Amino acid sequence: MNRLHYIAMRLVKTALVTIAVVVLSFFLIRLAPGDAATVMAGQSGYADEAFVKSLRAEYGLDRPLPVQLWKYLGAVAQGDLGTSYARRMPVLEVILQRLPNTLLLDAFALVVAIAGGVWLGGLAARRPGSAGDAAVTVLSMLFYAVPQFWLGMMAVLLFAVWLAWLPPFGIETMGADYTGLARVADVASHMILPGMTLALYYLAGYARLTRTAMIEVAGQDFVKTARAKGIREGQVRRRHILRNALIPLITYAGLQASTLVGGSVLVENVFSWPGIGTLAYEAVTARDNPLLLGIFIVTAILISLFNLVTDIAYSLADPRVELA
Amino acid sequence: MLVSLRDLRVALPPGADRPLAVSDVSLDIARNEIVCIVGESGSGKSVTAHAIMGLLPRGVVTTGGSILFDGVDLLKEPPAALRARRGRDIAMIFQDPMAALNPVVAIGGQVSEQIRAHRAIPESLALRQAGDLLSQMGLKDVAGLLKAYPHQLSGGQRQRVMIAMALSLSPRLLIADEPTTALDVTTQAQILKLIKAIQAERQMSVLFITHDFGVVADIADRVAVMRHGRVLESGPVAQVLGAPAHPYTRALIAAVPRDACALPPLPQAAPLVRVTGLSKRFRRGGLFSRRADVAAVDRVSLILNRGETLGIVGESGSGKSTLARCVIRLLDPDEGAVLFDGADIARMKARGLRPLRRRIQMVFQDPFSSLNPRRRIGDILTAGPRAYGEEAGAARARAAEMLRLVGLNPQAMDRFAHEFSGGQRQRIGLARALMLKPDVLIADEPVSALDVTVQAQVLDLLDDVRRRMNLAMLFITHDMRVAAQVCHRVMVMRHGRVVESGPTREVFAAPSSDYTRALLAAIPGCGRI
Amino acid sequence: MRFLRAFLSRPVALTGLVLFAAIVAVALAAPLLFARGPFAIVGMPLLPPGAPGLLAGSDVLGRDMAVGLAYGARISLLVGIASTLGAVGIGVLLGAVAGYYGGLVDDLLMRVTEFFQIIPSFVLLMVLVAFLQPSLASTVIGIALISWPQVARVVRGEFLALRAREFVQAAKTLGLSDARIIFAEILPNALPPILVVSSMMVGSAILTESALSFLGLGDPNLLSWGSMIGGSRSAMWVAWWTTVLPGLCIMVTVLALAFIGDGLNDALNPRGRR
Chain A
-2 MNRLHYIAMR
8 LVKTALVTIA
18 VVVLSFFLIR
28 LAPGDAATVM
38 AGQSGYADEA
48 FVKSLRAEYG
58 LDRPLPVQLW
68 KYLGAVAQGD
78 LGTSYARRMP
88 VLEVILQRLP
98 NTLLLDAFAL
108 VVAIAGGVWL
118 GGLAARRPGS
128 AGDAAVTVLS
138 MLFYAVPQFW
148 LGMMAVLLFA
158 VWLAWLPPFG
168 IETMGADYTG
178 LARVADVASH
188 MILPGMTLAL
198 YYLAGYARLT
208 RTAMIEVAGQ
218 DFVKTARAKG
228 IREGQVRRRH
238 ILRNALIPLI
248 TYAGLQASTL
258 VGGSVLVENV
268 FSWPGIGTLA
278 YEAVTARDNP
288 LLLGIFIVTA
298 ILISLFNLVT
308 DIAYSLADPR
318 VELA
Chain B
8 MLVSLRDLRV
18 ALPPGADRPL
28 AVSDVSLDIA
38 RNEIVCIVGE
48 SGSGKSVTAH
58 AIMGLLPRGV
68 VTTGGSILFD
78 GVDLLKEPPA
88 ALRARRGRDI
98 AMIFQDPMAA
108 LNPVVAIGGQ
118 VSEQIRAHRA
128 IPESLALRQA
138 GDLLSQMGLK
148 DVAGLLKAYP
158 HQLSGGQRQR
168 VMIAMALSLS
178 PRLLIADEPT
188 TALDVTTQAQ
198 ILKLIKAIQA
208 ERQMSVLFIT
218 HDFGVVADIA
228 DRVAVMRHGR
238 VLESGPVAQV
248 LGAPAHPYTR
258 ALIAAVPRDA
268 CALPPLPQAA
278 PLVRVTGLSK
288 RFRRGGLFSR
298 RADVAAVDRV
308 SLILNRGETL
318 GIVGESGSGK
328 STLARCVIRL
338 LDPDEGAVLF
348 DGADIARMKA
358 RGLRPLRRRI
368 QMVFQDPFSS
378 LNPRRRIGDI
388 LTAGPRAYGE
398 EAGAARARAA
408 EMLRLVGLNP
418 QAMDRFAHEF
428 SGGQRQRIGL
438 ARALMLKPDV
448 LIADEPVSAL
458 DVTVQAQVLD
468 LLDDVRRRMN
478 LAMLFITHDM
488 RVAAQVCHRV
498 MVMRHGRVVE
508 SGPTREVFAA
518 PSSDYTRALL
528 AAIPGCGRI
Chain C
12 MRFLRAFLSR
22 PVALTGLVLF
32 AAIVAVALAA
42 PLLFARGPFA
52 IVGMPLLPPG
62 APGLLAGSDV
72 LGRDMAVGLA
82 YGARISLLVG
92 IASTLGAVGI
102 GVLLGAVAGY
112 YGGLVDDLLM
122 RVTEFFQIIP
132 SFVLLMVLVA
142 FLQPSLASTV
152 IGIALISWPQ
162 VARVVRGEFL
172 ALRAREFVQA
182 AKTLGLSDAR
192 IIFAEILPNA
202 LPPILVVSSM
212 MVGSAILTES
222 ALSFLGLGDP
232 NLLSWGSMIG
242 GSRSAMWVAW
252 WTTVLPGLCI
262 MVTVLALAFI
272 GDGLNDALNP
282 RGRR
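Protein chains in written order, with our numbering: chain A, -2 to 321; chain B, 8 to 536; chain C, 12 to 285.
The hints are simulated quantities; they were obtained by calculation from the structure and are not laboratory data.
Note that the structure is predicted; figures quoted are calculated from it, not measured.
There's no promise every hint is true.
[Stated by the list, open to error] Taking lysine-lysine and the DSSO-like style, the derived pairs with C-alpha atoms no more than 27 Å apart in a straight line are:
| no. | chain 1 | residue 1 | chain 2 | residue 2 |
| --- | --- | --- | --- | --- |
| 1 | B | Lys444 | B | Lys356 |
| 2 | B | Lys147 | B | Lys83 |
| 3 | B | Lys444 | C | Lys183 |
| 4 | A | Lys10 | A | Lys68 |
| 5 | B | Lys356 | C | Lys183 |
| 6 | A | Lys50 | A | Lys68 |
[What the hints assert, rightly or not] Far from chain C, by Cβ distances over 12 Å, these chain A residues were calculated:
| no. | residue |
| --- | --- |
| 7 | Asp45 |
| 8 | Glu90 |
| 9 | Ile309 |
| 10 | Ala314 |
| 11 | Pro316 |
[To be verified] Distance windows between CB atoms, simulated:
| no. | chain 1 | residue 1 | chain 2 | residue 2 | range |
| --- | --- | --- | --- | --- | --- |
| 12 | A | Ala5 | B | Thr283 | 42 to 48 Å |
| 13 | B | Val68 | A | Val184 | 53 to 59 Å |
| 14 | B | Ala401 | C | Gln144 | 56 to 62 Å |
| 15 | C | Arg191 | A | Gly57 | 31 to 37 Å |
Each residue gets a CB set at the ideal place from its N, CA and C atoms; glycine is no exception.
Can you build the whole structure from these sequences, using the hints too?
This is the structure we're talking about:
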C-alpha cells in the first residue's frame, strides 16, 4: 500500500489516540480526592473558604466536569494547554523549555543501548553456551536488576566524588557561560553519567534480545543455504543472520519508548537534569494538574510519532510486512 | 566415479535414539548420472547428503570412512578449501524453498551473491547472469523476479530460483534433498522434469534424496535404499524396482498406493449428509485498507452416503480443508446448506448444534499438534464422552476398548502424546473421534505426515473401522494415489470449485476434465511401479 | 519430574532459587529477630558497619540499618508478589478471552494495551499513587494496573497461536465448552511463557516499588529499601553504606528472580525439543 497514505492514516490515528489520552487522564486526575484549589490555597497558607472559592472560579473548577473537559479539549485543539498552577506560566512554554534536554538524554541513551546491546548480543550468540556467552548473559541480567536511580547514585559516588572525573549533576556548569564548542563539550560531560545510567538498563534488553534472535535465525534453513553457497562465514553472519535478527529489535525499540520516558524521571531526578522527567515529578508533588495533563499529551504524541517511525523502519527491514 | 563414499560413519550427539546416524555407508555416484537415496524418516538419507556437503548440524560429526570427490577426500580438506568447493563444485537444494531462501533479501541479490562468492565480478554482471539463469529455469518476467522477495513467489517459482542458484557456477554434483516434497503434485512433476532435463544438458551428477518410490521411478538411474543408517540394497533402478532383493524394499514398494485397487461404488445409497451451494469467503485487509474477499469454497454441493468414503482431492488452496471445516462447523459457511440427517446445521446455533455435533467427528492431519501435549491419552479420549455426561468409569472402560480397536495397548491411557510415534498418534486421534460413536467421520489428510509403510497401515485401519461401524467418511487428500486406495467416489476440487466428481474407478480410468488428467499424469512413477 | 530436574540442573537457576529462599527467610524472620521494629533509634547516627552491635551501621537518624534491611525485604517481596498476582490475574483473563475469541473483545484489548504503550507508565503510576494517597495498597494496585497489559499481550499471543492447533479444533468437535477449552486445554499449554513473564515481573515490580519509595511516593509508615536510599541521599557523600547496602539488597533480590526466570525459560523451552 501507498506509504504516504499509510502515514496520513497513522497521523489521524495518533490524533484520535491523543484525544483518548486527554479524556482519560483528565478524568483520572479530576477523580482524585481534593481539587487543585485546596492544594493551592494550602500552599499559600491562606485557606479560608472564600479564597478557595475564588480560586475555583478563576480556574473554572466550579463548573461540571464535562463542561470543563469540553473547554479544555477546545483549548488543546488550538495549542493552548492551559496555565501551570505552580509556575503561573503557560504549560506549553514550560514543557517546550524542558523537552529538548530530555530528548537529548534519551537519544544518547538509546544510541548507546542499541549499539552496545547489538554488539554484546552478537558476541554472545557467536558461541552459545561458551564462557563469553555466559558472561554477557550474566552482565545483562545485572544491568537489568540494578535499580536505575541507585546505579546513578553509585556512578556519582564513583566518578564524580571519588574520582572527580565528571560533574555530578546538572546539564551545564552553573555560571560558566560557555559558548560554542566549549558549551557543547560542557553539556556532553554532564550528559555522560546520566546518559550511561539510563542506557545500561536498555542495553541489557537489547543484548539479550539480539542474542536470542541471532541464535534462532542461525538455526534456520536459509542460513544453511548460505553456507551451501560457499559464502564466507563473516558474510553469512552479517548479511543473513544479523539482518534477520535485527527485525524483532525494531519492535522492541518501539515498545521501549514509553518506559524510556519513565526511566528518565528517576535518572533526571538523581542527576538534577532539567528535563520532562523532573518536571513530571514536580507536577505530581505540587498537584499541578494542567501541567500533568500537558505532559501526558506531549509525551503521548511523541511516543506515537516514535512508534510510527519504528513501524516504517519495520516495513523497510522486512519486505513481508505490509503497512496496514 | 565422481563421488565415492567409503564406510562413512556419522555419529549423533549423546542422548539421541541411536549412536550412529549413518553406519558404514558406501555409495558411488558416477559422472552424468542421477542416484536416488530412498528411505523413510530417520533412515539417515538426509544426514548422508549433508555429510558430503560438510554441513552437518551442530553435534553431529563424521567419525569414520571417507568421502572421495574426484579423488580428493573431503573429510581431510581444510575448512577454507571445503568452503570454496561448496557452491562451486557441489551445490545443494532443499525441501522447503520458502525456508531455504532469505526472506529479507531480494531474489537477485541471493542469486548474484552465490556467483560473487566465487568469482570476482561486479554486481551488475552477476545480476545479469542471475537473470539468464532464471530464464533458463523457465521463469518468466525475470527483471521483476530479480527485485522480488521470496514470499511474493509461488512454491514452484521458489524451487526454480533455488535450482538456478545451485547451478549458477556449473557444479559437478547437485545434491537435492527432498526438493519436491513441499510442492503440489503438478508442480512436483514440473520440477522433476526440469532437474532431469538440466542434468542431461549439463552432463552433471545428481544425488537425489526422497521417500517416494514414485519419484525414484521417474528420475533415478541408480537407487540406494536406506534404513536405520545403513544401505540395504543398491543397484540400477530397473533392478531394484523390478526385482527388489531386500524384504524391506519389497515392503516399501508394496506400500506405495496404486489406483488398481480402487473400491467399487456402493450399490445402495442412503444419503446422510447433503451439502448444497456451500460457500465460504475469507476477508483480507483491515480497518484502513481495502477489503478483498477471497472465496475459499465457491458453491459446492455434495452427497455423502452411509457406509461409503467420499474422497475430496485437490492441491493446496483448492478449498478442500475449508469445505471439511464448514461441514463440521469449525467454520461458519457464508452460504448454502448442510443437511445432516434432515436438519440444516449450516447456520444452527451452538445449543441446537450440540446434540448433532457428536455424530460428526474428525481426524486431523498433524500427528504432533492434534493431541494436547499436556494431557494423558486417557483424558484425551474420555473428554468428549464426559462432556456429554458419560460416567468416568464407563468412559475409561470404553477408551481401553477403543485403543484395542485401533491396534494399541490400553496401557497407553496413562501416557502422554510425545511418547508415541506419528502413526500411533494418528491411531489415538482416530480413537478419540470414535469415542463419540459418530455417524460421519471427516479425515483431513490423515496420512500425509506419515511414512509410506505407516501410511498403508493407517489407511487399512480407517477402511476397517468404516466397514465395522458403517461410517460415512469424508476423506480429504492431496494425494491421488491415496484417494484411489480408500475412496468409493472422488470429488476433484480446484480454486474452491468442484472440477469433477464420480465413482473413483471411472474418474481415474476416464477423467472428464483437463485438470484431473493433469493431476493423474503428474503422479510420480505413474504406471512405472 | 523432568521439568524440575532440568530446572535444578542449571547452576544459574539453582543460585537464584537459593538466594531467593534466603531473602524470603530473612523477610519472614524479621519480626522474630528484631522485635523492636525498624524505626527504633539504637544509637548515634551514621555509625559505620561493624560498629558495636551494628552489623550494617546506622542511618541518618541513628536507626539500625540491618533491621531496616530485614524489614525492607518484607515490603519488597509483598509488593512484588501481590502486584504480580494482580497483574497476572487480570492479564491472563483478558489475554485469554481476547486471544481465543478474537473480534471485538480483542480489538478493545489491543486498543487498551496501545494506550498503555504510549502513556509513560511510570508517570502514570506516580499520578495514581500520589492521588490515591501513598500507601502499601495504592502501590500494589498501581503497579498491578500498569503491569497487566504486558501479561495480557503474552497470553493473547499464546492463545492466538494455540487456538489454531489441531487439538483445540478437536476439542471443539468433541463438544467441549468454551470455558473448558480455554482453561483446561489451552491454558496449561500457555503456562510456560506466563510463568517466565511472572517471575520477571516480580523483579520489575520490586524495582518499581523501590523507585516509588525512593521518590517519597511509597507508604510513609513503612521502611522499604527504596525509602532508605531516598532518605539517605544527603548522607551519601559521607556515609556510603546508607545508600549502597539497600541498593545491593534490591539488586540481589531482582537478580535472584531474573536467574529463576532464566532457568524457567530454559527448562520449559529446551531448544531442539518438539
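Cross-check of the supplied hints:
1. B:Lys444 with B:Lys356: 22 Å, holds
2. B:Lys147 with B:Lys83: 43 Å, violated
3. B:Lys444 with C:Lys183: OK: B:Lys444 and C:Lys183 at ~16 Å, within 27 Å.
4. A:Lys10 with A:Lys68: Holds, at about 22 Å.
5. B:Lys356 with C:Lys183: 14 Å, holds
6. A:Lys50 with A:Lys68: Roughly 20 Å between the alpha carbons, so the hint for A:Lys50 and A:Lys68 holds.
7. Asp45: Holds, since 24 Å exceeds 12 Å.
8. Glu90: Per Cβ check, A:Glu90 is outside 12 Å of chain C; nearest 20 Å; holds.
9. Ile309: Nearest chain C Cβ is 17 Å from A:Ile309, so the label holds.
10. Ala314: 20 Å, holds
11. Pro316: 23 Å, holds
12. A:Ala5 with B:Thr283: 42 to 48 Å: 46 Å, holds
13. B:Val68 with A:Val184: 53 to 59 Å: Given about 57 Å between the Cβ atoms, the range holds.
14. B:Ala401 with C:Gln144: 56 to 62 Å: At roughly 60 Å between Cβ atoms, C:Gln144 and B:Ala401 fall inside 56 to 62 Å, so the hint holds.
15. C:Arg191 with A:Gly57: 31 to 37 Å: 54 Å, violated
Hints 2 and 15 from the earlier list are contradicted by this structure; the remaining hints agree with it.
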